[in-house]
Amino acid sequence: MAMVARPYDLPISPQDGRAPGRLGMMLLIATEASFFVYLLFSYFYLASMARGAWPPDGNNPALRLSLPNTIILIVSSGTMWWAEAGIRKGQQARLRIGLLVTLILGMLFLAIQGLEYSNQSFTPATHAYGSLFFTITGFHGAHVAAGLLMNIFVQARAWAGHFTATRHLALSNVALYWHFVDVVWIVVFLSLYITPRLG
Amino acid sequence: MAMTSGSPAMFGTAGPAAHQIAVLGWVLTIISLAVLLVVSLILLVALFRQRAARAEQPESVVIRPNGSIRLIVWGGIVVPAIILICALLFTLFVQSAVATPPAAPVATIRIVGHRWWWQVIYTARSPDQQVVTANEIHVPVGQPVRLELVSADVVHSFWVPKLAGKTDVIPGQQNTMWMQADKPGIYWGECAEYCGLQHAHMDLLVVAESPADFRHWLDQQRQPPPPPADPITATGERVFTRLACAACHTVGGTPAMGQIGPDLTHLASRRTIAAGTLPNTPGNLAGWIANAQGIKPGNDMPTMSLPPGDLQALVAWLETLK
Amino acid sequence: MAIATAPTAPVGKLAKTWETAPGLYGVLATVDHKTIGKRYIVTALVFFLAGGIEAAFMRTQLIHSNVHLLDAEEYNQIFTMHGVTMLFLFASPILSGFSNYLWPLMIGARDMALPRVNALSYWTFLLSGVFIYTSFLIGQAPDGGWFAYVPMTGRTYSPGLNIDFYALGLIFITISTTVGAVNFVVTFFRMRAPGMSLNRVPIIMWGTLSASVAIIFALPALSAACVMLYFDRRFGMHFFDAAEGGHPLLWQHLFWMFGHPWVYIIVLPAIGLASDMIPTFSRRPLAGYTFVALSTVTTAILGFGVWVHHMFATGLPMLATTFFSAASMMIAIPSGVSIFAWIATIWHGRPVFRTPFLFLIGFIVLFVIGGVSGVMTAAVPFDWQLTDNYFVVAHLHYVLIGINVFPVFAALYYWLPKMTGRMLSERYGRWVFWLMFLGANLAFFPMHISGMLGMPRRIYTYQAGLGWDTVNLITSIGAYVFALGVLLFLVDFFRSLSVGPEAGDNPWDAPTLEWSVSSPPPPYNFAVIPTVRSRHPLWEGRLDEEYHTLIGSGPVLDHGRETFGTSALDSDPFEILQMPEDSLWPLILAAMMTVTFYGLLFGVWWLAILGLVLVILSLAGWCWPRPARDEEMDLLPEEG
Chain U
0 MAMVARPYDL PISPQDGRAP GRLGMMLLIA TEASFFVYLL FSYFYLASMA
50 RGAWPPDGNN PALRLSLPNT IILIVSSGTM WWAEAGIRKG QQARLRIGLL
100 VTLILGMLFL AIQGLEYSNQ SFTPATHAYG SLFFTITGFH GAHVAAGLLM
150 NIFVQARAWA GHFTATRHLA LSNVALYWHF VDVVWIVVFL SLYITPRLG
Chain E
0 MAMTSGSPAM FGTAGPAAHQ IAVLGWVLTI ISLAVLLVVS LILLVALFRQ
50 RAARAEQPES VVIRPNGSIR LIVWGGIVVP AIILICALLF TLFVQSAVAT
100 PPAAPVATIR IVGHRWWWQV IYTARSPDQQ VVTANEIHVP VGQPVRLELV
150 SADVVHSFWV PKLAGKTDVI PGQQNTMWMQ ADKPGIYWGE CAEYCGLQHA
200 HMDLLVVAES PADFRHWLDQ QRQPPPPPAD PITATGERVF TRLACAACHT
250 VGGTPAMGQI GPDLTHLASR RTIAAGTLPN TPGNLAGWIA NAQGIKPGND
300 MPTMSLPPGD LQALVAWLET LK
Chain H
0 MAIATAPTAP VGKLAKTWET APGLYGVLAT VDHKTIGKRY IVTALVFFLA
50 GGIEAAFMRT QLIHSNVHLL DAEEYNQIFT MHGVTMLFLF ASPILSGFSN
100 YLWPLMIGAR DMALPRVNAL SYWTFLLSGV FIYTSFLIGQ APDGGWFAYV
150 PMTGRTYSPG LNIDFYALGL IFITISTTVG AVNFVVTFFR MRAPGMSLNR
200 VPIIMWGTLS ASVAIIFALP ALSAACVMLY FDRRFGMHFF DAAEGGHPLL
250 WQHLFWMFGH PWVYIIVLPA IGLASDMIPT FSRRPLAGYT FVALSTVTTA
300 ILGFGVWVHH MFATGLPMLA TTFFSAASMM IAIPSGVSIF AWIATIWHGR
350 PVFRTPFLFL IGFIVLFVIG GVSGVMTAAV PFDWQLTDNY FVVAHLHYVL
400 IGINVFPVFA ALYYWLPKMT GRMLSERYGR WVFWLMFLGA NLAFFPMHIS
450 GMLGMPRRIY TYQAGLGWDT VNLITSIGAY VFALGVLLFL VDFFRSLSVG
500 PEAGDNPWDA PTLEWSVSSP PPPYNFAVIP TVRSRHPLWE GRLDEEYHTL
550 IGSGPVLDHG RETFGTSALD SDPFEILQMP EDSLWPLILA AMMTVTFYGL
600 LFGVWWLAIL GLVLVILSLA GWCWPRPARD EEMDLLPEEG
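Listed in order, the protein sequences are those of chains U, E and H. Counting in numbering that gives the first Met the number 0, the first sequence runs from 0 upward without gaps. Counting in numbering that gives the first Met the number 0, the second sequence runs from 0 upward without gaps. Counting in numbering that gives the first Met the number 0, the third sequence runs from 0 upward without gaps.
Some clues are possibly wrong.
What the hints assert, rightly or not - Interface residues of chain H toward chain U, partial, derived using beta-carbon atoms under 8 Å:
| id | residue |
| --- | --- |
| 1 | VAL181 |
| 2 | GLY235 |
| 3 | LEU249 |
| 4 | SER533 |
| 5 | GLY564 |
| 6 | PHE573 |
Rather than coming from a laboratory, the hints here were simulated on the basis of the structure. Ideal placement from N, C-alpha and C gives every residue a C-beta, glycine not left out.
Model the full assembly from the supplied sequences, consistent with the hints where possible.
Shown next as structure tokens:
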């Protein structure tokens with residue numbers, strides 16, 4: 000039905016980087032990124048106004064769990080890239096395996112995050128630092144969870160064989176989102192875990 | 000309401016800070032009105048020039064004339080930029096002029112914003128020299144005072160239009176400003192930042208008097224009030240200290256040490272009650288005690304149902320707290 | 000690229016393809032930008048009336064000293080809801096309505112780029128408005144003012160649900176505004192008809208584009224602030240609690256980082272509407288098109304750098320206030336450019352005085368007043384006197400009524416005939432204009448004076464003897480006169496639906512593409528996609544343009560819902576976009592969000608989690624490709 004001859008030879012809804020859905024996803028990421036910018040602004044603002052030590056109990060957030068976790072998330076970005084590069088060549092297996100590994104790494108990240116939460120000596124209601132710490136990392140965690148749900152969604156489509164070498168916009172969007180979540184974590188990690196050590 | 004000397008207008012000022020700002024204000028107002036006038040005139044001319052000539056052409060004619068860009072560049076960029084730069088320079092000049100008082104402040108007054116009244120503390124090196132009052136600030140004419148503004152609860156803003164611009168009163172930080180009255184008088188002040196239910200009733204008076212009178216007032220405020228001189232006022236004091244009143248209010252020289260409401264040690268010397276809500280008369284005072292929630296709903300003062308005799312005695316005693 | 004011309008477009012087939020399904024399904028599932036645009040406009044006007052009724056209550060309370068029509072609690076709720084309604088539920092949505100309706104028609108497209116996102120944007124707007132207004136049902140409407148300063152709005156001093164409605168309602172409406180903005184940006188850069196290069200788009204496109212980009216970057220500040228407020232209130236966190244390391248000024252910074260761009264978000268599209276109407280009534284193209292387009296974009300960018308001028312009295316260091324004072328004054332220059340572009344257009348044109356033009360003249364005058372009073376408040380020491388008193392109330396109403404409401408009413412008189420096919424009455428229109436113009440000035444000019452007389456804003460009553468009675472009386476009378484004008488407009492509108500003269504395609508002899516189609520336009524907008532060659536396609540013949548826009552001949556695109564995807568700068572077509580069918584998912588998703596927000600509001604966590612799960616499932620249902628489309632996709636040739 001779509002093969003009916005057209006009087007003009009333009010591609011029909013090509014799923015490339017210029018597709019409206021792609022631009023839409025980039026704008027969505029821009030607004031989400033701004034949200035994190037404002038959260039981090041709040042963090043640095045309150046840090047600059049703090050009268051005593053920052054963090055308040057004088058202990059910088061531990062790197063024992065967070066540093067490996069950072070590496071896990073960076074690796075998961077790599078596996079996501081590997082999956083997307085696979086489908087660009089039409090390799091379904093590489094797509095499916097890549098998505099699956101990414102999903103597992105993402106879940107691992109959340110599990111370790113949960114472990115770190117349970118080890119914290121403070122809660123979100125202890126002081127403003129606690130509110131900031133849990134809200135910023137929590138919102139990032141929620142974005143990881145959203146990325147994992149998207150992963151499950153495109154994974155189902157991948158196993159159903161929806162994607163081809165030229166038509167995989169949904170997957171590319173999910174991959175872009177995942178890389179964004181990764182970059183946000185790196186910024187959050189540098190802000191919350193590293194900058195207090197520099198002062 | 001004859002509590003103050005007229006309207007709290009920001010023009011017709013009574014202090015150097017407000018005065019310099021008023022000059023800036025007048026200049027900006029005149030520039031603004033001139034801009035409005037000139038632009039409106041240009042617009043009117045644009046609308047009605049060559050009206051007769053145009054009427055002859057049918058509406059369907061559309062034209063593409065030249066010469067518009069010059070009007071945009073001059074009217075929209077060059078002239079406004081010159082005006083704005085001048086306005087900015089004058090603004091900066093005034094801002095640095097009012098940043099510091101003309102002389103060293105003669106007193107430091109700590110003002111604590113409460114929902115919805117002003118606690119006023121004349122700080123002193125020794126605590127017994129400190130004076131605590133509420134909703135009425137006395138200042139010496141011709142001498143600057145320094146104000147430290149802090150909040151006990153939410154954000155307020157301290158504003159006495161005739162004397163100075165407003166400064167916000169923010170929990171967790173202390174803002175400072177200075178104020179000077181050049182003419183004796185009573186000046187109206189108010190909370191300018193919306194602070195909840197009774198924001199409308201959070202006013203204060205600034206009483207500017209000669210330095211001698213000011214010293215006298217300060218000395219008097221440092222003394223405890225006279226003890227009750229007759230049975231009625233003695234009953235009044237007993238009512239006050241035994242009932243809930245003493246839990247919230249302090250009266251110097253008595254066991255009443257409450258910290259929640261205004262210090263009433265010299266209540267009778269103040270001109271208003273309930274933060275400028277009512278003139279301080281025995282009738283209003285009795286009405287306020289009997290029906291505080293009806294007059295200023297939501298404030299912390301409960302409505303007290305006292306036997307008429309007790310109420311009378313209480314008011315009689317409060318009236319002695321000069 | 001070979002483009003065939005169709006001598007007779009298959010309009011029957013196109014209509015069948017693009018029509019919304021009849022019946023309830025169609026009503027709930029439509030993605031037609033024209034329907035969505037009209038719904039936006041009507042809904043926003045209903046909220047305008049609600050906000051107006053609230054204003055009438057306030058003005059009656061303040062008509063004289065010691066009037067007690069409302070008690071303090073009622074007045075505080077009413078003034079807060081007036082601000083929230085007018086700023087979030089009227090001023091921005093009404094412009095989204097016009098942009099939604101007009102954009103595709105102006106740029107020769109058949110719909111917005113993301114039609115289902117468009118439907119989502121509307122439904123979330125409607126439901127968030129309903130969400131906020133249900134607070135009145137339990138007598139706990141927001142009462143912290145539209146900028147809800149902490150800690151007054153924290154749990155300690157505001158234990159009711161009032162502020163929870165505010166915080167969650169604003170997060171909810173942020174979703175609507177943000178997805179709408181994304182849609183506008185994508186549409187701007189992908190959907191313009193062939194040949195409509197960047198220098199040929201109507202100014203409204205620049206206005207809404209600038210506003211949309213500002214929304215994308217500024218609104219998260221509001222969401223973040225409201226999330227923190229909700230967390231502080233509901234979970235005992237300490238973002239704004241000075242005793243535990245938080246700070247009340249954090250809220251003020253975040254709020255105004257959003258709040259000041261928001262002012263430009265709700266005026267730039269309106270300025271665009273005005274810039275597109277003034278040429279029609281001046282019988283000439285807009286003077287200084289490039290100046291106006293650039294000043295629009297510049298204003299949106301500079302708007303991010305002036306937020307501190309709302310905080311001059313908070314005790315910031317002088318260096319900071321100086322910088323923001325200078326920036327706030329300089330932002331007047333782009334406005335000056337636009338004003339003189341309009342004046343130059345009229346000066347060198349041949350003005351025709353119709354109702355929309357009267358509103359546009361009123362708009363220019365009110366804009367100047369709102370602009371100069373803005374410069375006055377940008378002067379730091381003078382602002383110490385002016386801020387938070389009625390001068391600021393006067394200033395912001397001149398800005399919002401002058402630069403939003405007046406262009407909107409001009410636009411209603413101008414474009415309603417396109418939407419309904421019927422003209423409004425010139426005779427009524429003149430009355431409406433004069434009542435609104437005189438009413439606005441009578442109401443708001445004296446407010447400058449009440450401010451200078453020391454009257455603070457947001458007081459529910461005032462004492463006699465402060466010299467405020469007369470100015471307030473005049474203000475109240477002006478408000479009633481203004482309201483009379485609005486009511487007369489409503490009469491005129493409903494009258495016109497039955498007895499208004501037929502509008503025809505182009506009643507104003509206007510130059511832009513939306514006037515080349517019938518009134519109301521067919522479901523498919525354009526039988527053939529136009530190929531644009533200038534800024535004023537319908538005036539080309541009379542302006543001796545070298546090249547002529549092709550209207551009525553050109554590509555048809557009738558294989559399903561199709562329109563061109565074009566390049567961002569030059570608008571060269573590079574793809575044919577298949578547009579989505581009607582869908583219930585946007586409505587379902589919006590409804591599930593509503594469930595979530597009520598769960599969060601009442602702290603009923605199972606309900607919030609259930610709502611969230613349903614939101615996720617709705618999104619999955621939305622994004623899962625439908626079988627028919629899927630088959631078609633698999634059949635598509637692989638381009639490489």
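Practice task
Tell me, in ascending order, the numbers of any earlier hints that this structure violates.
Solution key: 4
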